[in-house]
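Trainee: Sequence:
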Amino acid sequence: MNTSVMKMLGKALFVLTSFFFLCVSLFIVSSKLFGVRPIISWASKTFTEYEVLIHEEASINYFPYLEFDAKNVVLKKSDRISSDGFIKINSLKFQINTKKLITQQSVAIKISVDGFDITSKFDDVHSTNLDTLLSTNFDIEGRIVGNLKIGASAESWSELNENINGTLELSVDNGLWKDDDIFYMLRRARSIYKRDEDPEYTEKTIKQEFNIQASGNIIDGIFVNDDFKMKMPYSSITGSGTINFSSMSVDYSIQAIFDDELKSALKMTHDEFLDFSKNPLPIRVTNQSGKLEFRPDIENIFRNDVEDALLEQEERLKESIRKSLTYQ
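The sequence shown: position 176 = 176 (the working numbering), numbered continuously.
Careful: at least some of the hints might be erroneous.
What the hints assert, rightly or not - In silico lysine-lysine, DSSO-like type, Cα no more than 30 angstroms apart, as pairs:
| no. | residue 1 | residue 2 |
| --- | --- | --- |
| 1 | 231 | 267 |
| 2 | 229 | 278 |
| 3 | 194 | 110 |
| 4 | 318 | 267 |
| 5 | 45 | 194 |
| 6 | 231 | 278 |
| 7 | 149 | 207 |
| 8 | 45 | 77 |
| 9 | 194 | 178 |
| 10 | 263 | 278 |
| 11 | 100 | 178 |
| 12 | 100 | 77 |
| 13 | 229 | 267 |
| 14 | 178 | 110 |
| 15 | 267 | 278 |
| 16 | 194 | 149 |
| 17 | 194 | 76 |
| 18 | 88 | 207 |
| 19 | 121 | 231 |
| 20 | 100 | 110 |
It should be emphasised that the hints constitute simulated quantities derived from the structure, not laboratory data.
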């Protein structure tokens, strides 16, 4: 590479660096003069399709930690003037180790979201407002509330997702899953294991609105949820599983219990109803193909069969000992 090219790159780097520090300096001075809230609102509207509103006082520090603390934060579409916003946060705290980032080029952050309230709705027939914001296929309407506390440190930004640790608790109220028949998917998983014919789709008279509760620890970027609970009309679902935030993969084992009303409403056979009442069949839920799939959980089914066989053998042994003692 010749000298003129090196000089050109050096000048470009100097200009970019100077511009960056000028922007940072202007932001710091402006935040001191006018406050953080109007600057954040202006920047979000200018560079994105959304507007961030902070209805209470916010504070920001820069060194040795970049710390941001705000209360009553709202995110809304910038083109909807009358909108109340679809994401609301009672208290938001963000911290990044600025000194470590500059001196060691490594990343260490802490985030606390106390009391988030998210309203997911379909903007059109294809996606929800959350899908548009996060570029995902969430496909669920409803109100999501909860709390999140995480911390992470890594040698680079790209490695950060795999080093996230913390806690998450959330609930979903009045949830609806777009175009998916949950009862059918549960019954079909059972029919695969039993080698029966596929069940019929559920009649539209049963609105499959659901409520969900889930909480757990986040360990190395994986949410470990041991107390998943879901309520639907005439039914309840419990289970446990994991969500990998790096790959966004889902892996759950669940059991569904149906009330008597569903037996006639879904035209279930007696044997089928037993697998969703007296002895609920373990079902595995994953998203390896890009959308959620319901399959029989062979591993847990086998484990349950072994445990039942051992318990039965134990009872027989106890009965045999009891009889032998009786006849002595």
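Trainee: Could you run down the list of hints and mark each one as holding or not?
Mentor: For each hint, the structure was consulted:
About 21 angstroms separates the Cα atoms of residue 231 and residue 267, which keeps this hinted pair within 30 angstroms; it holds. For a cut-off of 30 angstroms, the pair hint linking residue 229 to residue 278 stands: about 18 angstroms separates their Cα positions. For the hint linking residue 194 to residue 110, the alpha-carbon distance of about 48 angstroms lies beyond 30 angstroms, and the restraint is violated. Taking the CA atoms of residue 318 and residue 267, the gap is about 42 angstroms. The hint is violated against a cut of 30 angstroms.
Between residue 45 and residue 194 the CA atoms are separated by roughly 55 angstroms; this puts the pair beyond 30 angstroms, and the hint is violated. For the given pair, residue 231 sits about 18 angstroms from residue 278 by alpha-carbon distance, which is consistent with the 30 angstroms threshold. Taking the CA atoms of residue 149 and residue 207, the gap is near 34 angstroms; set against the 30 angstroms cutoff, the hint is violated. For the given pair, residue 45 sits about 9 angstroms from residue 77 by alpha-carbon distance, which is consistent with the 30 angstroms threshold.
Among the hinted pairs, residue 194 with residue 178 is consistent with the structure: their alpha-carbon atoms are about 28 angstroms apart, no more than 30 angstroms. A threshold of 30 angstroms between alpha carbons decides the hint, and for residue 263 with residue 278 the separation of about 13 angstroms falls inside it, so the pair holds. At most 30 angstroms may separate the alpha-carbon atoms for a hinted pair to count; residue 100 and residue 178 exceed this at roughly 45 angstroms. Note on residue 100 and residue 77: the hinted pairing is violated, with a Cα-Cα distance of about 35 angstroms set against a maximum of 30 angstroms.
A C-alpha spacing of about 25 angstroms is found between residue 229 and residue 267, which places the hinted pair at or below 30 angstroms, so the restraint holds. Straight-line distance between C-alpha atoms of residue 178 and residue 110 comes to about 34 angstroms, which puts the hinted pair past the 30 angstroms bound. Between the alpha carbons of residue 267 and residue 278 the distance comes to roughly 18 angstroms, so the proposed pair stays at or under 30 angstroms and holds. Of the pairs offered as hints, the one joining residue 194 and residue 149 is violated, with about 43 angstroms between alpha carbons and a cut-off of 30 angstroms exceeded.
Under the criterion of a C-alpha separation no larger than 30 angstroms, the hint pairing residue 194 with residue 76 is inconsistent with the structure, at around 48 angstroms. Of the pairs offered as hints, the one joining residue 88 and residue 207 holds, with about 28 angstroms between alpha carbons and a cut-off of 30 angstroms not exceeded. For the proposed pair residue 121 and residue 231, the alpha carbon gap of about 20 angstroms is at most 30 angstroms, so the pair holds. Between residue 100 and residue 110 the alpha-carbon distance is near 14 angstroms, which keeps this suggested pair within the 30 angstroms criterion.
Violated hints, in rising order: 3, 4, 5, 7, 11, 12, 14, 16, 17; the structure is consistent with all others.
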